[in-house]
Structure formats: structure tokens, C-alpha cells
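2 protein chains.
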Amino acid sequence: MEKFEINILGCGSALPTMKHYPSSQVVNIREKLFMIDCGEGAQLQLRRSRLKFSRLNHVFISHLHGDHCFGLIGLLSTFGMLGRTATMHIYSPKELPALMQPLVDFFCKGMSYRVEFHPFDTRSSSIIYEDRSVTVSTIPLRHRIACAGFLFREKPTPNHIIRDMIDFYAIPTFAINRIKNGEDYTLPDGTIIPNKWLTRPSAPPRSYAYCSDTMYQPELADIVRNVDLLYHEATFAESEAGRAQETFHTTASQAARLAKDADVKRLLIGHYSARYDDESILIKEACEVFPNTVAAKENLCITL
Amino acid sequence: MEKFEINILGCGSALPTMKHYPSSQVVNIREKLFMIDCGEGAQLQLRRSRLKFSRLNHVFISHLHGDHCFGLIGLLSTFGMLGRTATMHIYSPKELPALMQPLVDFFCKGMSYRVEFHPFDTRSSSIIYEDRSVTVSTIPLRHRIACAGFLFREKPTPNHIIRDMIDFYAIPTFAINRIKNGEDYTLPDGTIIPNKWLTRPSAPPRSYAYCSDTMYQPELADIVRNVDLLYHEATFAESEAGRAQETFHTTASQAARLAKDADVKRLLIGHYSARYDDESILIKEACEVFPNTVAAKENLCITL
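Chains A and B, in that order, are what the protein sequence lines are. When we follow the working numbering, the leftmost residue of the first sequence carries the number -8, and every step to the right adds one. When we follow the working numbering, the leftmost residue of the second sequence carries the number -8, and every step to the right adds one.
Be aware that a few hints might be false.
One copy or any two copies: either way a pair holds, since identical chains are not told apart in the list.
Unchecked claim - For lysine to any residue, the following SDA-like pairs were computed, each having C-alpha atoms within a straight-line distance of at most 20 Å: (1) K256 <-> P195; (2) K43 <-> M9; (3) K100 <-> R135; (4) K85 <-> N283; (5) K187 <-> N19; (6) K100 <-> P84.
Hints listed in this document are in silico derivations from the structure and should not be mistaken for laboratory results.
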């Protein structure tokens, strides 16, 4: 199966701790790397991950709080020093370009590659990136400032042909693509060979949803329904539900409730408040509602 | 003796490695903290150091390369979240305020303290900070862009009075301060008691010089002469002397030659190029010229 991995570079929240880096992840889809959020130190963690810098051409920033974007200028500057030539595409809420461009102009003067900004609207869900194998769409979130999550969806791949059957019916090469795409085949004598005799279904397309930062929004279930992996912030334990509401964050059990309502395969929680010495209370509360929950931690890699 | 300590938060150079954080140090003089340079991750390292955030009111930025200042916005933002009220003073080359102010305005909106910028001229040596116990002056360096080092000098402290002698001569309280400051004392009968009978000299004032980044400049010896500790960049080994010259950096043995010429007590080297897996070649080459050399490393604390 083609690679679809989530690499956690950081999963802490705004206040720095000695246990966690601020938010940053890298989604690796068939060796194309997509970074989601870029907190301070993300470039160090990226190096630690041994992911190839040159494979990273797209960075998605969920919102403009420092713990999700302060690592960006360091990353861009380092790429410049390493002689990168490929354009770097940055997808973000609309205020980022005006903040970043002066820094890029000053600190990355004369560098050998371009930075291209792609601002998006955080209030509705839309496709902001697409290539032959994946689409990325925004997920409107509710935080103190404009904020969006990201939904990565593999595109369906054609069925696999069964070579022996193709040979058996002496089907010519020019017909193969249509068969891969689901068509039946009609023999010269008019006999129809049903597609399912000629092909095996390919692996179902996989999907990953990233939701941070946001207050609990039950209606997100419709957008993230059935995803293979849902990352959802779980900043607080249930005892801090009031604080979660006030600060537009989510508790671990609320994140789990969403995962359950949306019938996702697995839940990954993160963005832990600095008040927790470890995340055991958060994972415990989430698992009570949705047992298939994993706690994010630095350098964790999850394969879909 | 009053505290005078140098805490190394980071001593790597521009390209991030897994061994070093970029440049940042904290000078602790009598529990007043002075940060020098603030590379990405400095706030994490500051937390690790267990130095008190609230004691830090002055940050000195040597020059505007990213590995010396990309950690600043994260530091300022975190201080805001922690409810800091004391003004933070930032001393830097003149371009920093225009680059930082928009970031502070956006990311630290509504925070409870002020940031005050103090731009300085990097071309001459001048006092940029002074309080009752210390002065900080700039050291003009030669790098690819405007760059200054910093010289921390304790002010001389008054002599200690010898209580028994004061009592013996029945010297009144109002005369004590003048005696501390070196005056002799005249008894009612006209007899002059020399100051040295009444006082013991206090500890000589200590000094610390920070020089990074710069090409080798023999004339710096005059400015840093006799300091207790000289931090000097030693980006390269002697085999890369050409590269050092081209990039306006220094080799370890050049740093040591300066230490020797300036007759400093101790040399601390750092700002290691990412090409060195460890710093043994650098410390070896420096020690050959100036034996009392120490290699900087993260979390090292040197007491003067």
C-alpha cells in the first residue's frame, strides 16, 4: 500500500513546556510531505524526524496564534541556506502574508527559491490543494480567532486488473484503462465479461482530519465522518470544561464524543495544556468515550 | 561574592542540528538577568535553565541573522501569556524595531506589558545600558551585516570597612560612607588615620565580553583586554580558514590568539559550524594557542 503517514513534530499548546514542542505535524503521502502548523522548533523536530526537507513543498497553517506559526520563518530561512530551489507554498488565514513577507524579504534576502502564499477563508469548507492522488480541504473551526482544520483525502485509485483473466480473454492493451476504471468488456462474439471478473478492487482511499484549535463543535461530525484518523485537540480534562469553553478549546471527552459521533476509525488527541504533567488523565477520559484513542507525542509516526 | 554567571542556552550556528540550539545566553548578575541573542528555541532553553523569567528585563541582540533573533517573538509572546507587567527592553541594531513591532502588535495584542526598543550603532563602542552595579557596552564586530558584541563590566564596589577599627577610633556613622569610598579619617586631635587601616579592598570588578559573529579582528584585543571571560565565536577549524574569511567568521585558533593577545583570564568558544559532529577539533586547536579555553555547550553555567 502506498505510504500515508502522520508524523508528530509537536503536540503541546501555547505555553512552552519541557515535555512538548508546540503544534506541528508532517503528513507523508507517497513521499510528498505536507506540514500542518509550524510552531517554534518545528525545523529542529523536522530534522530529528529524518523526513527529507526537499520533499516538503506545502505548509498549512490553521490559525495565527504563535504556537502554530512561530517556527515558519526559521524553516524558510534554513531552506534558503540549504539552496532550495522549489517554490514553497504556504496556505493560511489571510493575515499571514502581510506578516511574513517583510520577514522573508529581510532574513531570506537573495535566497534561491520563492515563497508563495495561498490565503484561504476559514469560514467554509473548500478544497485548497489538489494533486493526482490527494485533496486537502479546510474544516471551519471555532476558536478565538479565524481558524481552520484540514482534511486530507486520497483520491480513489483504479481497480487492479487480473492479468490472467485479461490473457484468458485475449483483451487488447488499449482496452485496459477502461477496465481499470470499472467498465465491463464485450468480446467480439458479443459476450459481456463483467468488470468484477477482470479486476480486484484497489485499497479504499484513506483520509486524515486535523482539528486544532477549536471549541467542541458537534456539527464537525458531518465533515470528518468515517475518516481513518481524526486528530482533535484535547487541551483540557473534563474538570476544566468551563475553561475549555471560555478559551474556545475542547476537552478530551468532547473530542472523543466527536470521534464517536463521526464514526471515525481512530482518534489522535493532542495540544495538551501545560498544566498536565502527563497526558494520562486526558487519554483516560477520551478512551472512556471512544476506546480507539491514541495520545500524540513528539516523534510518533502513525501509519494509515 | 555577588553572583556573576553566564548560562549557555544555545551555541550552534545558522544551520540547525540535533546537537545544538542557535545562539542564546543569559548573563546573571546579582539575580538580574540579561539575555544575549535569542535564537529559535531560546524560550524553551530558558525554561529548562530554571532561571526566573521575571528577572529578565533586558535582551541584547548582536545582529539580525535568524539564528540570533528568531526566538524573540516566541519569548515576548510567552511573557505576555504569563501576565508579565514589567517593560521589556530590547537592544539591537537599528532594523529590528520595524521588523518586530508588527509581530508584537499582531501576536501579543492586549498583553499586559510594554516592549521598548533601544537601537544602537554597531560601528563604535558605546555604553548602551547602565545600572548601579553594571555597564554594558557594544563591541564593534565585522560580519556580513551590522553586528556588535557586548561587554559587561561590574562597577567597582566600595571597600569593606573594618568594624573593629571604626569602633577603636570611635568614628561616627556619618563618616563611614566617605571611608568606604577611599577617604582617610582625621581624628579630633588632627591625627590622620590612613584609609587602608580602616578598610579591606572589595573584590575587583569582573567583566564578560561576548563576540559573535565576527571575522578575526586582532584590534578587538584592546576592547576586551583582561576580561575575566571572553566568549568568542569559533565557527570553523583551521582547515576551513578560507571559508571563515569568506563568511566573516573566525577559526578556533584565531579566537584563541585574540584571547592570548588580550590577556583574558578564560576563553569560551561557541557558534560551531554544523559540519562538526563534535567540537573536539575546535577545542583542541584553541587550547594549543590559549590553554584556558572552555567549549560552550547547552545548559553550561560558568561562574565568574
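The hints, checked one at a time:
In this assembly of identical chains, K256 and P195 lie within 20 Å of each other by CA distance solely inside one copy; the values are 13 Å within and 69 Å between copies. Taking the shortest Cα distances, K43 and M9 sit within 20 Å of each other only across copies (15 Å), while inside one copy they are farther apart (26 Å). Within a single copy, K100 and R135 get their C-alpha atoms only as close as 34 Å, which misses the 20 Å cut-off; across copies the closest is 13 Å, which meets it. Neither within a single protomer nor between protomers do K85 and N283 lie at most 20 Å apart by alpha-carbon distance, with minima of 36 Å and 54 Å respectively.
Taking CA atoms no more than 20 Å apart as the test, K187 paired with N19 passes in neither setting, with 32 Å inside one copy and 75 Å between copies. In this homomeric assembly, K100 and P84 come within 20 Å of each other (Cα to Cα) only across copies, at 17 Å, whereas the closest approach inside a single copy is 24 Å.
Checked against the numbered hints listed earlier, the structure breaks hints 4 and 5; every other hint is satisfied.
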